[in-house]
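There are 2 protein chains.
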Amino acid sequence: MSKTENLESQEKDLDQGESLLAKLALEAELADYSPVKGCMVIRPYGYALWEMIQSSLDRMIKETGHQNAYFPLFIPESFLKKEAEHVEGFAPECAVVTHGGGKELEEKLVIRPTSETIINYMFSKWIHSYRDLPLLLNQWANIVRWEMRTRLFLRTTEFLWQEGHTAHANKEEAEAEALKMLEVYKTLSEKFLAIPVIDGIKTDSQRFAGAITTYCIEGLMKDGKALQMGTSHYLGQNFAKAFDTKFQDQGGQLQYVYQTSWGVSTRLIGAIIMAHNDEKGLKLPPNIAPVQIIVVPIYKEAAEKEIVLKKCKELEETLQGSFRLKIDDRDQYSPGWKFNHWELKGIPIRINLGPKDINNNVVEIVRRDTNEKLKNVPQNGLLQYLLKLSTEIQENLFRQAKDFQSKNTFNVNNEKEFAEKIVNGGFLTAFWCGNNSCEENIKQKTRATIRCIPFKLPVDQSKKEGYCISCNKDSKQKVFFAKAY
Amino acid sequence: MSKTENLESQEKDLDQGESLLAKLALEAELADYSPVKGCMVIRPYGYALWEMIQSSLDRMIKETGHQNAYFPLFIPESFLKKEAEHVEGFAPECAVVTHGGGKELEEKLVIRPTSETIINYMFSKWIHSYRDLPLLLNQWANIVRWEMRTRLFLRTTEFLWQEGHTAHANKEEAEAEALKMLEVYKTLSEKFLAIPVIDGIKTDSQRFAGAITTYCIEGLMKDGKALQMGTSHYLGQNFAKAFDTKFQDQGGQLQYVYQTSWGVSTRLIGAIIMAHNDEKGLKLPPNIAPVQIIVVPIYKEAAEKEIVLKKCKELEETLQGSFRLKIDDRDQYSPGWKFNHWELKGIPIRINLGPKDINNNVVEIVRRDTNEKLKNVPQNGLLQYLLKLSTEIQENLFRQAKDFQSKNTFNVNNEKEFAEKIVNGGFLTAFWCGNNSCEENIKQKTRATIRCIPFKLPVDQSKKEGYCISCNKDSKQKVFFAKAY
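Heads up: the sequence lines are chains F and B, in that order.
Oh and the first sequence: position 26 is 26 in our numbering, straight run, nothing missing.
Here our numbering = 1-based position in the second sequence + 485.
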């Protein structure tokens with residue numbers, strides 16, 4: 001297959017939002033299609049963004065008492081089958097290794113679609129007594145879940161993620177852990193990625209295969225679709241029973257451990273792309289932008305060039321301890337080309353610096369969140385100015401996304417209203433009786449699914465009771481619906 | 486298979502050095518065997534060590550102008566076949582995916598044993614002009630090369646590594662790059678891991694499959710075996726021709742790029758274990774020790790405990806900006822147990838702190854490199870004292886290893902001397918005619934291989950000519966032989 005055909009076949013069937021995602025991811029050089037269908041290549045700019053997300057989250061994971069470890073890529077096929085729901089959920093998505101070292105294997109190996117099984121096997125070796133608990137581990141790893149279509153960052157056969165796996169002496173502690181890590185994910189999303197989320201509980205149909213409860217955070221993208229950005233599972237004793245993971249409690253009794261698992265992935269890069277963009281390209285929040293400030297020197301002849309570049313270097317020295325800064329001093333591109341280039345890449349702050357600015361002891365600043373040009377900013381006190389501006393951009397991107405979410409969250413009271421509203425996307429809040437068949441009915445008719453049973457409803461929705469939008473039966477539970485990636 | 490049987494079967498056939506490695510890796514909780522033969526689990530302490538190595542090396546990789554990216558785990562089987570030597574070298578070690586998403590695949594996928602092929606496929610899409618060069622990328626990834634026996638960290642079916650891949654406009658620049666990265670590896674090994682290395686060129690029989698030249702660094706372990714700690718390859722245009730990776734040069738001509746690749750892996754953890762240990766356990770160099778200082782509070786009754794722990798906290802506050810420090814305040818273990826525990830784990834510096842020390846305004850320090858006890862070290866000025874001590878320990882561990890290497894490097898002049906000396910291990914320097922058959926002959930008789938043709942011989946070896954130890958023909962080339970892992 002030629003490269004062009006391959007690309008086209010990977011891009012066909014994409015809807016409008018997906019096309020925009022692909023366009024931005026490719027043009028901003030965040031990712032590219034791989035020759036293997038469903039896989040992607042994360043290019044340096046995309047990977048730098050992942051490193052920023054990683055370092056923010058890794059710090060929070062460690063601050064909450066977890067340690068990193070690394071478990072094998074290969075899982076014996078029999079392991080997957082030990083937990084009935086788990087194998088049903090994951091077997092159809094697995095890549096299977098049948099040959100290794102030139103021979104057919106006695107037992108097939110699946111490539112981890114998630115690591116609960118192999119980790120429980122190890123936990124059962126390591127955990128003996130209540131003194132070994134809680135055991136709080138995390139791993140950064142690649143994961144494989146088969147996809148026929150590639151949606152860069154959002155759905156790919158291989159993706160990068162972290163998966164936390166913990167074991168506890170009792171139910172309460174494990175449940176608290178699952179909620180604590182959901183809160184960490186919410187902080188990551190809102191404070192770093194500047195994406196407001198709805199947090200809540202998944203319905204049975206969307207629950208992780210093998211979990212008792214799946215908690216989630218859901219973001220709303222600019223094309224009106226919801227994106228599941230992170231999940232945290234209370235696993236109860238399901239895997240402990242399957243793998244005989246027991247501990248001796250303080251009374252000397254053998255008990256199964258209670259467990260959690262939780263993960264976020266490179267999908268978060270897709271979330272950033274789809275939550276913050278305009279017709280010029282990406283808009284990266286300063287807290288996770290690999291480059292926060294781009295300096296574009298502006299000059300005509302060689303004499304000017306020298307003066308301008310010298311001043312740029314001075315600026316760099318002043319700012320580099322406080323910011324991730326880059327000077328684009330490439331000769332072969334015009335300033336205009338550079339403006340477009342770095343706007344496409346979503347750099348939060350651009351400094352334009354020419355001879356006139358130098359004479360006047362000022363710089364010109366362009367902020368990417370609003371595309372506003374700030375002329376004649378004094379060089380004196382620039383560091384403080386930029387620190388303030390950077391915070392403002394971070395907050396403003398969150399505010400913009402929050403406004404968008406509020407304006408695109410609609411309460412609906414019946415199936416007719418639902419059908420009308422869902423056409424334009426957004427979150428729909430509606431009463432639901434709790435029956436899987438009603439959820440399925442809505443999905444069949446509208447392609448919308450229940451994103452979560454929220455912990456908290458929007459403030460303007462005081463009504464505590466109503467009628468299920470599908471079956472009209474009494475309901476005390478309002479949920480968030482949306483079309484989702 | 487039961488867990489015990491599995492462990493035993495994984496451990497059988499290990500020689501003495503390998504047994505020590507397994508014992509230390511398991512007892513210090515660096516790693517454990519996985520249920521899949523040949524694979525291992527990296528436990529939190531081992532992974533923390535890997536994170537330390539990663540952060541040191543990643544900084545140097547970035548400082549030398551490289552960017553991180555991520556390429557897919559899956560490589561189409563046909564890619565491997567495009568470079569004739571490459572497929573011959575790697576196909577027998579590959580794990581092969583034949584089924585995905587519940588279906589048999591049209592084309593089998595191999596799990597990357599190294600990524601030259603898939604990266605060249607992408608390079609050929611990205612590189613068009615000399616302006617796109619040099620292209621300097623690196624990735625941190627997991628790799629699979631089938632092994633029937635597990636030697637924890639040294640040989641495992643799956644391992645973690647970084648692999649650099651670069652493309653250049655000419656031969657000279659590519660060769661300089663390969664050597665530059667070898668130098669980075671040497672710095673990593675000597676300045677961070679405190680392991681002296683011999684650097685040089687691999688013979689044809691040990692060259693990377695697909696390379697023109699393979700450079701390497703070789704360390705000597707305490708059991709007398711050599712360990713290849715890192716390799717850097719000048720690939721010439723071999724992969725460029727196989728994947729049609731071309732650029733338009735400044736004269737408008739299409740040319741194939743010149744390339745390099747280079748990598749180090751979690752094997753370096755094995756090197757640390759085998760280069761620095763004694764009968765008490767590991768000895769970690771301070772520069773990469775996840776915990777540099779362990780504080781053990783010593784007390785009898787509750788009143789003492791409170792005072793001692795308060796003082797420990799004060800120490801922590803003074804030292805924590807400068808050191809990675811931990812207080813072992815666990816009640817269920819005695820000080821003696823803790824001493825053994827942290828010695829096994831190789832913590833460079835231990836501070837013992839009891840009521841008497843507090844009264845006298847001193848601490849007791851035990852350094853792990855020499856196991857020397859430093860009594861009555863004044864608390865006043867302790868930070869400066871410890872900074873100096875830490876540097877001294879780092880340097881001393883290197884010096885110890887360097888002495889060991891010097892004492893175990895022998896010059897031999899003929900096959901008889903070779904056979905006598907090789908029994909006790911160590912590096913043997915000897916003249917070699919350059920013929921593969923002589924190298925093979927020595928290997929068959931002694932199990933020793935040529936580790937490298939060194940850039941520089943030991944200072945005491947001034948003789949520039951001699952006779953090949955195998956065929957006795959004239960030779961102008963002295964090489965390093967050793968038995969190797």
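Hints are not guaranteed to be accurate.
Claimed, not checked - In silico BS3-like cross-links for lysine-lysine, where the CA-CA straight-line distance does not exceed 30 Å: (1) Lys37(F) to Lys567(B); (2) Lys402(F) to Lys356(F); (3) Lys731(B) to Lys108(F); (4) Lys37(F) to Lys593(B); (5) Lys62(F) to Lys610(B); (6) Lys280(F) to Lys443(F); (7) Lys338(F) to Lys547(B); (8) Lys23(F) to Lys731(B); (9) Lys567(B) to Lys610(B); (10) Lys125(F) to Lys765(B); (11) Lys811(B) to Lys108(F); (12) Lys765(B) to Lys108(F); (13) Lys37(F) to Lys731(B); (14) Lys280(F) to Lys191(F); (15) Lys547(B) to Lys62(F); (16) Lys373(F) to Lys311(F); (17) Lys588(B) to Lys81(F); (18) Lys811(B) to Lys313(F); (19) Lys280(F) to Lys171(F); (20) Lys62(F) to Lys811(B); (21) Lys796(B) to Lys62(F); (22) Lys593(B) to Lys103(F); (23) Lys811(B) to Lys338(F); (24) Lys108(F) to Lys610(B); (25) Lys82(F) to Lys588(B); (26) Lys731(B) to Lys246(F); (27) Lys588(B) to Lys103(F); (28) Lys547(B) to Lys305(F); (29) Lys125(F) to Lys566(B).
Said to hold, decoys possible - To list a few chain F residues with every Cβ distance to chain B over 12 Å, as calculated: (30) Pro92; (31) Glu158; (32) Lys225; (33) Glu317; (34) Leu319; (35) Asp357; (36) Glu392; (37) Lys402; (38) Val423; (39) Cys433; (40) Asn436.
None of these hints come from the bench; they were simulated from the model.
Note that the structure is a prediction, hence the values are computed from the model and not measured.
Every residue gets a Cβ at the ideal spot worked out from N, C-alpha and C, and that includes glycine.
Consistency of the hints with the structure:
{"no.": "1", "hint": "Lys37(F) to Lys567(B)", "result": "holds, 20 Å"}
{"no.": "2", "hint": "Lys402(F) to Lys356(F)", "result": "violated, 39 Å"}
{"no.": "3", "hint": "Lys731(B) to Lys108(F)", "result": "violated, 40 Å"}
{"no.": "4", "hint": "Lys37(F) to Lys593(B)", "result": "holds, 12 Å"}
{"no.": "5", "hint": "Lys62(F) to Lys610(B)", "result": "violated, 39 Å"}
{"no.": "6", "hint": "Lys280(F) to Lys443(F)", "result": "violated, 35 Å"}
{"no.": "7", "hint": "Lys338(F) to Lys547(B)", "result": "holds, 24 Å"}
{"no.": "8", "hint": "Lys23(F) to Lys731(B)", "result": "holds, 26 Å"}
{"no.": "9", "hint": "Lys567(B) to Lys610(B)", "result": "holds, 17 Å"}
{"no.": "10", "hint": "Lys125(F) to Lys765(B)", "result": "holds, 25 Å"}
{"no.": "11", "hint": "Lys811(B) to Lys108(F)", "result": "violated, 43 Å"}
{"no.": "12", "hint": "Lys765(B) to Lys108(F)", "result": "violated, 41 Å"}
{"no.": "13", "hint": "Lys37(F) to Lys731(B)", "result": "holds, 25 Å"}
{"no.": "14", "hint": "Lys280(F) to Lys191(F)", "result": "holds, 24 Å"}
{"no.": "15", "hint": "Lys547(B) to Lys62(F)", "result": "holds, 25 Å"}
{"no.": "16", "hint": "Lys373(F) to Lys311(F)", "result": "holds, 20 Å"}
{"no.": "17", "hint": "Lys588(B) to Lys81(F)", "result": "holds, 18 Å"}
{"no.": "18", "hint": "Lys811(B) to Lys313(F)", "result": "violated, 41 Å"}
{"no.": "19", "hint": "Lys280(F) to Lys171(F)", "result": "violated, 50 Å"}
{"no.": "20", "hint": "Lys62(F) to Lys811(B)", "result": "holds, 14 Å"}
{"no.": "21", "hint": "Lys796(B) to Lys62(F)", "result": "holds, 25 Å"}
{"no.": "22", "hint": "Lys593(B) to Lys103(F)", "result": "holds, 14 Å"}
{"no.": "23", "hint": "Lys811(B) to Lys338(F)", "result": "violated, 49 Å"}
{"no.": "24", "hint": "Lys108(F) to Lys610(B)", "result": "violated, 35 Å"}
{"no.": "25", "hint": "Lys82(F) to Lys588(B)", "result": "holds, 22 Å"}
{"no.": "26", "hint": "Lys731(B) to Lys246(F)", "result": "violated, 59 Å"}
{"no.": "27", "hint": "Lys588(B) to Lys103(F)", "result": "holds, 21 Å"}
{"no.": "28", "hint": "Lys547(B) to Lys305(F)", "result": "holds, 28 Å"}
{"no.": "29", "hint": "Lys125(F) to Lys566(B)", "result": "violated, 42 Å"}
{"no.": "30", "hint": "Pro92", "result": "violated, 5 Å"}
{"no.": "31", "hint": "Glu158", "result": "violated, 5 Å"}
{"no.": "32", "hint": "Lys225", "result": "holds, 24 Å"}
{"no.": "33", "hint": "Glu317", "result": "holds, 18 Å"}
{"no.": "34", "hint": "Leu319", "result": "holds, 19 Å"}
{"no.": "35", "hint": "Asp357", "result": "holds, 29 Å"}
{"no.": "36", "hint": "Glu392", "result": "holds, 30 Å"}
{"no.": "37", "hint": "Lys402", "result": "holds, 31 Å"}
{"no.": "38", "hint": "Val423", "result": "holds, 32 Å"}
{"no.": "39", "hint": "Cys433", "result": "holds, 34 Å"}
{"no.": "40", "hint": "Asn436", "result": "holds, 24 Å"}
The structure does not agree with the numbered hints 2, 3, 5, 6, 11, 12, 18, 19, 23, 24, 26, 29, 30 and 31 stated previously, though it agrees with the rest.
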